[in-house]
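Student: Sequence:
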Amino acid sequence: MFLGINFKKLVNSFKFAISGIKIAFQEEQTFRIEILIAILVIIAMFYFNLLLIERMVIFIIIFLVLTVELINSLLERILDITLPLFDIRVKKIKDISSAMVLFSYFIAIIIGALIFLPYLLTGT
Numbered sequence: 001m002f003l004g005i006n007f008k009k010l011v012n013s014f015k016f017a018i019s020g021i022k023i024a025f026q027e028e029q030t031f032r033i034e035i036l037i038a039i040l041v042i043i044a045m046f047y048f049n050l051l052l053i054e055r056m057v058i059f060i061i062i063f064l065v066l067t068v069e070l071i072n073s074l075l076e077r078i079l080d081i082t083l084p085l086f087d088i089r090v091k092k093i094k095d096i097s098s099a100m101v102l103f104s105y106f107i108a109i110i111i112g113a114l115i116f117l118p119y120l121l122t123g124t
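Letter 95 of the sequence shown, counting from 1, is numbered 95 in our numbering, and no numbers are missing.
Please keep in mind that the hints were generated in silico from the structure rather than gathered at the bench. Every residue gets a Cβ at the ideal spot worked out from N, C-alpha and C, and that includes glycine. A hint or two may mislead.
[What the hints assert, rightly or not] Label pairs and their computed distance ranges (CB to CB):
| # | residue 1 | residue 2 | range |
| --- | --- | --- | --- |
| 1 | K91 | F63 | 27 to 33 Å |
| 2 | F16 | S98 | 21 to 27 Å |
| 3 | P84 | I110 | 34 to 40 Å |
| 4 | F106 | R77 | 22 to 28 Å |
| 5 | I23 | L64 | 19 to 25 Å |
Using the sequences and the hints given, assemble the complete structure.
Tutor: Here it is as structure tokens:
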């Protein structure tokens, strides 16, 4: 232990997090699609040789979308476990959670367009 840090616990925390990413990738279709889109955006980011600040914004947006998707999936799973029968209240919560994901898509598309359109239009 160094500076009060338990490195074994820290390593285990990373293992659990990676396990969660694997589960989301294996079981959540939208997460797989978002990962594919993220890879394509990263390839485009290097193809067009974006500025450092533009790259930083792109990475922030990518991780924002993925994080919001994970929160949505988590909420849906918790609701499915705790209230497995149809309940209009659960439906409303899930719909609102999906709206959260949709808003993250909107901001990603808007920011992506603002960053990439000048490069696409000039071909540089």
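Student: Give a verdict on every hint.
Tutor: Quick rundown of the hints versus the structure:
1. K91 / F63: 27 to 33 Å: holds (29 Å)
2. F16 / S98: 21 to 27 Å: This hint holds: roughly 26 Å between Cβ atoms.
3. P84 / I110: 34 to 40 Å: Distance hint for P84, I110 holds at roughly 37 Å.
4. F106 / R77: 22 to 28 Å: holds (24 Å)
5. I23 / L64: 19 to 25 Å: Between I23 and L64, where Cβ atoms are some 20 Å apart, the hint holds.
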